[in-house]
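Enquirer: Sequence:
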Amino acid sequence: MQANSTTTTRTNKGQFQKGNDPRRHKFTTAECQAGFWAAIDSVASRYPDAVDRSGRHMTTKFLPAVISRKQARF
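Position 45, counted from 1, in the sequence shown is what this note's numbering calls 64; the numbers after and before it change by one each time, with no gaps.
Here are the in silico distance ranges between beta carbons for each label pair:
no.	residue 1	residue 2	range
1	42	68	38 to 46 Å
2	66	42	33 to 41 Å
3	83	59	18 to 26 Å
4	68	39	44 to 52 Å
5	83	58	18 to 26 Å
6	54	34	24 to 32 Å
7	55	35	20 to 28 Å
8	35	76	37 to 45 Å
9	73	37	41 to 49 Å
10	63	87	14 to 22 Å
Keep in mind the hints are simulated off the structure, nothing from the lab.
Where a beta carbon is used, it is the ideal one built from N, C-alpha and C, also for glycine.
Please build the complete structure, drawing on both the sequences and the hints.
Expert: Below you can see the structure in the form of structure tokens.
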């Protein structure tokens, strides 16, 4: 196939440009909070070791144990 030399390259319409764009969604505070708590629920349900006994605090040191368990299976 030969390339048509008369065609010109157009700019990518998907390229980011500064300024207002009605297609961009600005999350409200309520939406951000809902997303945060959904993520917490997801982590707590998948990794019970991530949440302490009181259920109020999440530990950051649970991931190395999860990773080592996954590697031990292979």
